[in-house]
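Model the full structure from these sequences, guided by the hints.
Heads up, the sequence shown is in our numbering, so the first residue is 636 and it goes up one at a time.
Since the hints were derived computationally from the structure, they do not count as laboratory data.
On a predicted model such as this, the values are computed, not experimentally measured, just so you know.
One or more hints might be untrue.
Keeping only pairs whose Cα atoms sit at most 30 Å apart, straight-line, the calculated DSBU-like set for lysine-lysine is [unchecked claim]:
no.	residue 1	residue 2
1	K967	K957
2	K697	K775
3	K735	K881
4	K714	K955
5	K991	K957
6	K967	K931
7	K775	K714
8	K967	K955
9	K931	K955
10	K923	K819
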Amino acid sequence: MVLHDRKFGTTHTQYHPSEAKYASLLPSGTSQKMSTDGPLGTSSGSKFGARFGFETEGRYVKVNGHEVFQYSWPVASPKAILYVAHGNTEHAARYRILAKFLNEHGISVYAHDHLGHGKTAEREGCPLGDTAYEWIQIPKDLQALCFEMLDQNAGRVPFYLMGHSVGTLISQKAVQMDNGALGKRIDGLILSGPVFRPGFVVSCVFLSLVGVFGALLGRHSITKWHNTIERTAVFNEFQGHFKPNKTDFDWLSRDIAEVQEYSDENCGHNMSIHYWAGYFRNLMSVSKDDFSSMDKKPVLVCLGSEDPLAKEPMAPFGPKWKALYQLMGEFKNCEDLRILIHAFARHEPHNDMGKKNVFQNYVDWILSPKFPLSKL
636 MVLHDRKFGT
646 THTQYHPSEA
656 KYASLLPSGT
666 SQKMSTDGPL
676 GTSSGSKFGA
686 RFGFETEGRY
696 VKVNGHEVFQ
706 YSWPVASPKA
716 ILYVAHGNTE
726 HAARYRILAK
736 FLNEHGISVY
746 AHDHLGHGKT
756 AEREGCPLGD
766 TAYEWIQIPK
776 DLQALCFEML
786 DQNAGRVPFY
796 LMGHSVGTLI
806 SQKAVQMDNG
816 ALGKRIDGLI
826 LSGPVFRPGF
836 VVSCVFLSLV
846 GVFGALLGRH
856 SITKWHNTIE
866 RTAVFNEFQG
876 HFKPNKTDFD
886 WLSRDIAEVQ
896 EYSDENCGHN
906 MSIHYWAGYF
916 RNLMSVSKDD
926 FSSMDKKPVL
936 VCLGSEDPLA
946 KEPMAPFGPK
956 WKALYQLMGE
966 FKNCEDLRIL
976 IHAFARHEPH
986 NDMGKKNVFQ
996 NYVDWILSPK
1006 FPLSKL
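This is the structure in structure tokens:
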């Protein structure tokens, strides 16, 4: 793991060789039914609960005139609160092991399924991968739910926001919109598995293709044809780094059990033309956004050294971590920007071999974000 600390001017390299499967983070002898303490402590059974082998905690909550499914992993007297924005074509229940580990260290965790994903898509009545709303509504929902929790918290404990993969883009949009209103209120930001964002010309090409498919098939259609372009141009290249492949998602993690979990119908699904159009429009704007609200706040960037999404697709001689360089430019004025590169990990360090070390780094940073990296 390579750690660079801009504020303290230090760089460290540390490797965690353990490759053992991290089977469970729940204390032995304890029930797997989670606590109902906290503002969102209502129980709701779900097919995700059956899949993960425990009863999920959550409920539908109203935000901006519609409902999303929000998960809650609270502790009775939290030292800090973390809100998680999940990535594309997954759902928030996948973060329950991370949440339980943070719970054991006094950190409450919350997350919700974005529009078009998980149980939120079920409630909206749209096919999985589609939504009646514009893409920008996703970061607006995140902003509103964070505001609600910040109001409930009333500054009693630190509040942090974490985004993974496309969730980094969603989190960045939520932080900067409305003149950085959310960025001014949170205590710090974690960006996990940041994705490379293509330039103006490439984004325009993708938008044009999406527009053609929309005209031919309908804006809300979900077909394999338009998704095949994305998978062929991007994901197939990602897979090429890790041959021979056992699944279509080997680029996510070295842990085959985690990859197989992702390979079900609730993850890795196709997205609608409408969704992709909004995604690419906002993808072009994020590098122009103003993140000055985070200049005085700690920002942690975490990625795997073998994460193919951090690299520019179809650019074999380009920088290995182009997404990282993009983030460093966007947060160039941030006084406390820290970078953790986990050796050998792929796109999901929190679901890769040695994930306990990743979890512990998050705990240390959340509870002591101002410490130099030498104390991590």
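Task: Pair hint outcome, K931 versus K955 [Cα-Cα no greater than 30 Å] - done: Cα-Cα ~28 Å, so holds.
TODO: Sort out whether K955 lies within 30 Å of K714, counting only the CA atoms.
DONE: Between K714 and K955 the Cα gap is close to 37 Å, so the pair fails against 30 Å, i.e. violated.
TODO: Decide if the proposed pair is consistent with the structure: K697 and K775, CA atoms, cutoff 30 Å inclusive.
DONE: 13 Å, holds
Open item on the list: With the threshold set at 30 Å, check whether the alpha-carbon distance from K991 to K957 stays at or below it.
Closed with: Holds - the C-alpha atoms of K957 and K991 are around 26 Å apart, at most 30 Å.
Open item on the list: Would the hint linking K967 and K957 be met if the CA-CA limit is 30 Å?
Closed with: 15 Å, holds
Open item on the list: Next pair to validate is K967 with K955; report whether the Cα-Cα distance is within 30 Å.
Closed with: The given pair, whose Cα atoms are some 20 Å apart, holds under the 30 Å limit.
- [ ] For the pair supplied as a hint, K775 and K714, confirm whether the alpha-carbon distance does not exceed 30 Å.
- [x] 27 Å, holds
Open item on the list: For K967 and K931, compute the direct alpha-carbon distance and say whether it is at most 30 Å.
Closed with: Since the Cα atoms of K967 and K931 sit roughly 12 Å apart, the hinted pair holds (cutoff 30 Å).
Task: Proposed proximity, K819 with K923 (alpha carbon, max 30 Å) - done: Satisfied, since the Cα-Cα distance of roughly 19 Å is no more than 30 Å.
Task: Pair hint outcome, K735 versus K881 [Cα-Cα no greater than 30 Å] - done: Given that 30 Å is the threshold and the Cα spacing comes to 29 Å, the pair holds.
The structure does not agree with numbered hint 4 stated previously, though it agrees with all others.
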